[in-house]
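Those sequence lines, one after another, are chains D and R.
Be aware that the first sequence starts at 1, since it is given in our numbering, and climbs by one per residue.
Be aware that the second sequence starts at 121, since it is given in our numbering, and climbs by one per residue.
Calculated from the structure, these hints are not laboratory results.
It is possible that part of the hints are untrue.
[Said to hold, decoys possible] Capping the alpha-carbon separation at 27 Å, the derived lysine-lysine pairs in BS3-like fashion look like this:
#, chain 1, residue 1, chain 2, residue 2
1, D, 68, R, 303
2, D, 34, R, 233
3, D, 75, R, 303
4, R, 389, D, 94
5, R, 364, D, 117
6, R, 169, D, 117
7, D, 61, D, 82
8, D, 24, R, 154
9, D, 22, R, 233
10, D, 120, R, 185
11, D, 116, R, 393
12, R, 272, R, 242
13, D, 61, D, 75
14, R, 131, R, 272
15, R, 154, R, 194
16, R, 211, R, 169
17, D, 34, D, 22
18, R, 158, D, 24
19, R, 233, D, 116
20, D, 116, R, 389
21, R, 158, D, 34
22, R, 233, R, 364
23, R, 185, R, 272
24, D, 82, R, 393
25, R, 303, D, 34
26, D, 120, R, 272
27, D, 117, R, 241
28, D, 82, R, 303
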Amino acid sequence: MIFDRPTSSELIKAVMDFLDTKIKDELPPHLAFKLRITNNVLGMVQREIDQGEQLSEEVIKVMSDVIKSDDLTTKELSNLIKNGDLDLSDEGLKNLLILLSKNKIAVDNPNYSTYKKLIK
Amino acid sequence: MQEELASSLSKKLLEVGIEGKVSNLEPLTGGASKEIWKFEVSNAKQSIKMILRRGSGIEGPLAIKTADEARIQKEVIKVGAPVPIILAVSKSEEELGDSYIMHFVEGETIARKILRDEEYKKALPVLAYQCGEAIAKVHNVDIDNFSFLPNKPAEDQLEDLYATYQSFDQPSPVFEYAYLWLKEQDFSNFQESLVHGDFRLGNIIVNGEGLQSIIDWELAHIGNPLQDLGWVCGNSWRFGNNDKVVGGFGELEDLLEGYNSISKFQVNKEMVKCWQVFGTFRWGVICLIQAYAHLNGTINSIEKAAIGRRVSETEIDIVDLLFLGGE
Numbered sequence: 001m002i003f004d005r006p007t008s009s010e011l012i013k014a015v016m017d018f019l020d021t022k023i024k025d026e027l028p029p030h031l032a033f034k035l036r037i038t039n040n041v042l043g044m045v046q047r048e049i050d051q052g053e054q055l056s057e058e059v060i061k062v063m064s065d066v067i068k069s070d071d072l073t074t075k076e077l078s079n080l081i082k083n084g085d086l087d088l089s090d091e092g093l094k095n096l097l098i099l100l101s102k103n104k105i106a107v108d109n110p111n112y113s114t115y116k117k118l119i120k
Numbered sequence: 121m122q123e124e125l126a127s128s129l130s131k132k133l134l135e136v137g138i139e140g141k142v143s144n145l146e147p148l149t150g151g152a153s154k155e156i157w158k159f160e161v162s163n164a165k166q167s168i169k170m171i172l173r174r175g176s177g178i179e180g181p182l183a184i185k186t187a188d189e190a191r192i193q194k195e196v197i198k199v200g201a202p203v204p205i206i207l208a209v210s211k212s213e214e215e216l217g218d219s220y221i222m223h224f225v226e227g228e229t230i231a232r233k234i235l236r237d238e239e240y241k242k243a244l245p246v247l248a249y250q251c252g253e254a255i256a257k258v259h260n261v262d263i264d265n266f267s268f269l270p271n272k273p274a275e276d277q278l279e280d281l282y283a284t285y286q287s288f289d290q291p292s293p294v295f296e297y298a299y300l301w302l303k304e305q306d307f308s309n310f311q312e313s314l315v316h317g318d319f320r321l322g323n324i325i326v327n328g329e330g331l332q333s334i335i336d337w338e339l340a341h342i343g344n345p346l347q348d349l350g351w352v353c354g355n356s357w358r359f360g361n362n363d364k365v366v367g368g369f370g371e372l373e374d375l376l377e378g379y380n381s382i383s384k385f386q387v388n389k390e391m392v393k394c395w396q397v398f399g400t401f402r403w404g405v406i407c408l409i410q411a412y413a414h415l416n417g418t419i420n421s422i423e424k425a426a427i428g429r430r431v432s433e434t435e436i437d438i439v440d441l442l443f444l445g446g447e
């Protein structure tokens, strides 16, 4: 990347801090609620920038053991399940779906109760 | 704008014989596609708090007409189900639009407050039983009165949800798996009932004593009553309290004990599981619908954008329920 610091992740963090410390208390309740959502969204973007590549690669690596295809994408995996090309009782498939779900929620909402329960 | 609204409200209320000055109009955070206004009507004798619930005209494809929600509440109150008293109903072509006015019921709807605040500490242990009783009253009501509602068998809903999911071209391996799993389930053992369709914290009013009212009937339909029980037991509606299966506050045994004390149709624990999976898949598709309303440019909204990334919550709940012994 040719860009200087702050990195995109650091810029988002700065925006989140600003909204949280300077704006939050100025807002009426219905907008404060929207601000909380806004901050959640920025958190997702930050986590995707920071960890997205590694989390995706982990899934694709496991996927390559489960499906016999050069197209290692969630789209291809979806099609294979839909078309009955995979054994639904296969533990490898189940573990792949568990890993995929864990790695997605790790970016989208790592505070989600089921995720916290499962990584304990 | 508020003066205009106040004048429309006074006129509508006068039609049903309620005279008074409308004041203290206050917007409340309602559902994603409804306007909710709290206000007061005062005359020489008294002052009454009321709620206006009004459709925006951009409801999702699953929602019924707002005025039809009022028709349902008028019926279920007759069999003792706890719902706010309807005062006036307005059709789309009237000045107020597709809406209704009802009594304001004191209490809380916000899930996180109900689950955390000291005020509701005594209500929480009895809430699951009360919810069971209340939704059983709804399910017991004679469905001949609801010919205006769509009939939605589980199999049809499943196909509709799957087709909706596919229309967005956002493939989910977990949804594909869940769809095939659900197709294998037996949904045939039930008694056709009025189904609320979104029975959970957020859509009930709770005070220190417990359940006061069931509100927000926009997803009501005729179908399988187990849908409401599976829905309120989905992790999506536990608000972080994963171990409290019913709505984040109660035990399934208590919900079913309350339910079976009233219901003509008796339900056991095992019957609820596939409806939890069904409900979780349904919520996932609703998240997609909302997110794509934003992405297609229908509504520009930060909430709707954010909800697209809640699909993954439903995916992890589905794998937990299907593969990891989740309850």
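Problem - Agreement of residue 185 of chain R and residue 272 of chain R with the hint, judged by alpha carbon distance not exceeding 27 Å - result: Between residue 185 of chain R and residue 272 of chain R the Cα gap is close to 16 Å, so the pair holds against 27 Å.
Problem - Given hint residue 241 of chain R paired with residue 117 of chain D - CA-CA distance at most 27 Å - result: 24 Å, holds
Exercise for the section: Measure nothing beyond the straight line between the CA atoms of residue 34 of chain D and residue 233 of chain R; if it is 27 Å or shorter, mark the hint as holding. Expected result: Given that 27 Å is the threshold and the Cα spacing comes to 17 Å, the pair holds.
Problem - 27 Å Cα cutoff - pair residue 61 of chain D, residue 82 of chain D - result: Holds, because 21 Å separates the two Cα atoms, which is no more than 27 Å.
Handout entry: Holds or violated: residue 120 of chain D to residue 272 of chain R, with C-alpha atoms at most 27 Å apart
Key = Given that 27 Å is the threshold and the Cα spacing comes to 40 Å, the pair is violated.
Problem - Hinted pair residue 233 of chain R and residue 116 of chain D, Cα distance within 27 Å - result: Satisfied, since the Cα-Cα distance of roughly 22 Å is no more than 27 Å.
Problem - Holds or violated: residue 120 of chain D to residue 185 of chain R, with C-alpha atoms at most 27 Å apart - result: 45 Å, violated
Problem - Proposed proximity, residue 272 of chain R with residue 131 of chain R (alpha carbon, max 27 Å) - result: 37 Å, violated
Practice task
Take a quick look at whether residue 22 of chain D and residue 233 of chain R sit within 27 Å of each other, Cα to Cα.
Solution key: 25 Å, holds
Practice task
With a cut-off of 27 Å on the C-alpha distance, tell me whether residue 169 of chain R and residue 117 of chain D pass.
Solution key: Violated. Residue 169 of chain R to residue 117 of chain D sits at ~43 Å, over the 27 Å cutoff.
Problem - Distance restraint between residue 116 of chain D and residue 393 of chain R, which requires alpha-carbon spacing of 27 Å or less - result: 22 Å, holds
Problem - 27 Å limit on alpha-carbon distance, applied to hinted pair residue 303 of chain R and residue 34 of chain D - result: 38 Å, violated
This entry does not satisfy hints 6, 10, 12, 14, 25 and 26, going by the numbered hints stated previously.
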